[in-house]
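One-letter residues, chain by chain:
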Amino acid sequence: MQAKAADTRKEMSQGLLAVLFSAPAVLVIAATILAPFCIAVFLSLHNWNLKRPGRERFVGLENYIDWLTDSDFWEPLRTTFTFALLAVVLIVFVALLISLLLNEKFAGRGVLRALLLVPWAIPSVVNALLWKWLLNPQYGLVNAVAYEIGIISEYQNVLGSMPSVMIWLVIAYSWIHIPLATLLLLSGLQTIPGDIYESAIVDGASVWQRFRFITLPMLRPMLSIVIIFEMIFALKVFDIIFVLTAGGPADSTNVLGWTIYTETFRKLDFGAGSSIAMLLGGITLALAILFYVILDKGVEQ
Amino acid sequence: MKRRARIRLVVIYVSAAIVLAGTVGPFLWLVSSSFQYERQLLNRPPQWLPNPIVLDSYREIFEGAVLGEASGVPYQSRIFLRSFANSFFVAGSVAAIAVLAGAYAAYPLARLTFRGRSVLLFGILASRLIPALSLAIPIVLVAKKIGMSDKIVSLVFINLSFILPYVIWLLQSYFKTIPLELEDAGRIDGCSRLQVVHKIILPLSLPGLTSAAILAFLLTWGEFLFALLLSETPASYTSTVVVSLFATDVDVSFVSIITAGVVSVIPPIAFALIFQRFIISGLLSGSLKG
Numbered sequence: 000m001q002a003k004a005a006d007t008r009k010e011m012s013q014g015l016l017a018v019l020f021s022a023p024a025v026l027v028i029a030a031t032i033l034a035p036f037c038i039a040v041f042l043s044l045h046n047w048n049l050k051r052p053g054r055e056r057f058v059g060l061e062n063y064i065d066w067l068t069d070s071d072f073w074e075p076l077r078t079t080f081t082f083a084l085l086a087v088v089l090i091v092f093v094a095l096l097i098s099l100l101l102n103e104k105f106a107g108r109g110v111l112r113a114l115l116l117v118p119w120a121i122p123s124v125v126n127a128l129l130w131k132w133l134l135n136p137q138y139g140l141v142n143a144v145a146y147e148i149g150i151i152s153e154y155q156n157v158l159g160s161m162p163s164v165m166i167w168l169v170i171a172y173s174w175i176h177i178p179l180a181t182l183l184l185l186s187g188l189q190t191i192p193g194d195i196y197e198s199a200i201v202d203g204a205s206v207w208q209r210f211r212f213i214t215l216p217m218l219r220p221m222l223s224i225v226i227i228f229e230m231i232f233a234l235k236v237f238d239i240i241f242v243l244t245a246g247g248p249a250d251s252t253n254v255l256g257w258t259i260y261t262e263t264f265r266k267l268d269f270g271a272g273s274s275i276a277m278l279l280g281g282i283t284l285a286l287a288i289l290f291y292v293i294l295d296k297g298v299e300q
Numbered sequence: 000m001k002r003r004a005r006i007r008l009v010v011i012y013v014s015a016a017i018v019l020a021g022t023v024g025p026f027l028w029l030v031s032s033s034f035q036y037e038r039q040l041l042n043r044p045p046q047w048l049p050n051p052i053v054l055d056s057y058r059e060i061f062e063g064a065v066l067g068e069a070s071g072v073p074y075q076s077r078i079f080l081r082s083f084a085n086s087f088f089v090a091g092s093v094a095a096i097a098v099l100a101g102a103y104a105a106y107p108l109a110r111l112t113f114r115g116r117s118v119l120l121f122g123i124l125a126s127r128l129i130p131a132l133s134l135a136i137p138i139v140l141v142a143k144k145i146g147m148s149d150k151i152v153s154l155v156f157i158n159l160s161f162i163l164p165y166v167i168w169l170l171q172s173y174f175k176t177i178p179l180e181l182e183d184a185g186r187i188d189g190c191s192r193l194q195v196v197h198k199i200i201l202p203l204s205l206p207g208l209t210s211a212a213i214l215a216f217l218l219t220w221g222e223f224l225f226a227l228l229l230s231e232t233p234a235s236y237t238s239t240v241v242v243s244l245f246a247t248d249v250d251v252s253f254v255s256i257i258t259a260g261v262v263s264v265i266p267p268i269a270f271a272l273i274f275q276r277f278i279i280s281g282l283l284s285g286s287l288k289g
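Here the protein sequences line up with chains S and A, keeping their order. Numbering that gives the first Met the number 0 applies: residue 0 is where the first sequence begins, and numbers increase by one. Numbering that gives the first Met the number 0 applies: residue 0 is where the second sequence begins, and numbers increase by one.
These are calculated hints, taken from the structure and not from any lab test. The structure displayed is predicted, hence computed values, not measured ones. Fair warning: there could be bad hints in the mix.
[What the hints assert, rightly or not] Only pairs whose alpha carbons sit at most 25 Å apart, straight line, appear in this in silico DSS-like list of lysine-lysine: (1) S:Lys-50 to A:Lys-1; (2) A:Lys-150 to S:Lys-266; (3) A:Lys-175 to A:Lys-198; (4) A:Lys-1 to S:Lys-104; (5) S:Lys-50 to S:Lys-296; (6) A:Lys-150 to S:Lys-50; (7) A:Lys-144 to S:Lys-266; (8) A:Lys-143 to S:Lys-50; (9) A:Lys-143 to S:Lys-266.
[What the hints assert, rightly or not] If we take Cβ atoms under 7 Å as the criterion, some of the chain S residues that face chain A in the derived model are: (10) Phe-36; (11) Ala-39; (12) Lys-104; (13) Phe-105; (14) Ala-106; (15) Ala-113; (16) Leu-182; (17) Asp-238; (18) Val-242; (19) Leu-278; (20) Gly-280.
Even glycine gets a Cβ: it sits at the ideal position worked out from N, Cα and C.
With the rest of the complex left out, here is chain S (with noise of 0.2 Å):
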């Protein structure tokens, strides 16, 4: 009672307080991320080419204009949906299934959990280095071992050609990613109350059941935040591709992060990079949002 007395008679300083705590922080977080922002809406309304310096003009929505009547940027934009769609299945299925196995109890369970932040702490380009080595056409350890045991009769090059190089780039690119969304996972069915399960075995529910009836609903609301979040992280995709396959073969894996990138870096069109910037960022926001409410309409039902 007496703290709450303190509380209301300094509520004035509270305000001041938090202020004074804040500002480090928040005056970091507006310098280098509000500004930028409102600078790249700026570039994105003009002509804006390093290659063309003195030409700088105010074009409206040109850019957009151009950009969403131009295959180059919906092709990209399919591209980005393909890799995205694929790697959040790929890793949302796979997390699943290592954390309904780290759930059961058995010796060794804790050294594998922890073992699982060894690719977590991978950063994205040693990752693709590493699977750059592992897919070598020549020498690589993917072929070797897909050779002597006989699926393949001679050595591929499995990120020269479609489809393969999307498959490999998915896998390579969720390797690192599958270790969070697991352990986030793991966290949502250590919530489920075991004697749920326990009632649920005397009345003769089957594994599937189980998983289906008890788990599934349960999990929702974690597997849907893991959903969107790796969404977002998925469409934004761009190191793993710098190394791995810079767009190619015949821009097959051109996603939008890296048209982006040589629109911007490499053809120095700052004008053209900052709306198709924007394009994607509008685009990622809205799909987070409409995942958002539809996962989030399932869970109250």
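Following the hints, complete the assembly by docking chain A onto the known chain S.
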């Protein structure tokens, strides 16, 4: 019943073995490859374990750093150790500053009642929704204009702002778990808010602060986009940039590329395994609790 229990165990351990192989297998192969001769790497079928253990590619990195061009090793190998040091500097600075600034920002969000509290919290979190790629363009443009490109201080600053929202979120949820009574007792004894933070909240939050610092270090260590765009010379290359220079160069031997990859993940993997409890609790509370 006994038979079912045995089947359950078999299923569990077979699955666990598959997960184990898939989790550490690819990386172990990278490590094994780094200790072989280049010509052994070209063997079919591959040589699973190094025999003998060859340290040439590791020596290359040290010789290259010390002797420079006279060492005769590839350019990337010569600049690698410097980039490694740069990564340590950037990630270490970001971790220290982010936890310090983040702790002060997190305290009012966790404990004080003031107008705009939820707006502040939402704003901090929403800043992370803007894709880094769209911010990269103006940031690079401005950095070049004001002469801050190609400086590792700029990298510290940029990474800081991307890490801070995360650290603030994590710490404010940790601060909320500290019993309010302890704070009230301090206040009754005449502590100011600042003293409460210094003498009660921060000491009791050491596990939370550690989690935040380690996560900040690891996330910064692996950052690539800004490290690539804001660096022009080896003076500001981080290890991820040099790894990308290795990996996209067809003239460098496989074993040099592979070794660079292995060395550049020694700090994050060592940290991850040593501090796994802090990391797992940090990852979970950072993304879940409010």
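Hint Leu-182 (chain S) vs chain A: min CB-CB distance below 7 Å?
holds (6 Å)
Hinted pair Lys-144 (chain A) and Lys-266 (chain S), Cα distance within 25 Å:
holds (19 Å)
Given the hint that Lys-143 (chain A) pairs with Lys-50 (chain S), test it: the Cα-Cα distance must not exceed 25 Å.
holds (15 Å)
Hint check: Lys-150 (chain A) vs Lys-50 (chain S), CA-CA at most 25 Å. Holds or violated?
holds (24 Å)
Within 25 Å, alpha carbon to alpha carbon, are Lys-175 (chain A) and Lys-198 (chain A)?
Answer holds: Lys-175 (chain A) to Lys-198 (chain A) is near 16 Å, not above 25 Å.
Lys-104 (chain S) as chain A interface residue, shortest Cβ-Cβ below 7 Å:
violated (9 Å)
Status of the hint placing Phe-36 (chain S) at chain A (closest C-beta pair under 7 Å)
holds (6 Å)
Would you settle whether the hint for Leu-278 (chain S) is holds or violated, based on the nearest Cβ-Cβ distance to chain A being less than 7 Å?
At 9 Å from the nearest chain A Cβ, Leu-278 (chain S) fails the 7 Å test, so the hint is violated.
So, as I understand it, the hint says Asp-238 (chain S) touches chain A; can you test that by seeing if any CB pair is closer than 7 Å?
holds (5 Å)
Sort out whether Lys-296 (chain S) lies within 25 Å of Lys-50 (chain S), counting only the CA atoms.
violated (50 Å)
Is the shortest C-beta separation between Ala-113 (chain S) and chain A less than 7 Å?
Holds - the Cβ of Ala-113 (chain S) comes within 7 Å of chain A, reaching about 5 Å at its closest.
Would the stated hint for Gly-280 (chain S) survive a check requiring a Cβ distance to chain A of less than 7 Å?
Cβ of Gly-280 (chain S) sits 5 Å from chain A, so the hint holds.
Comparing the model with each earlier hint shows violations of hints 1, 5, 12, 14 and 19; every other hint is respected.
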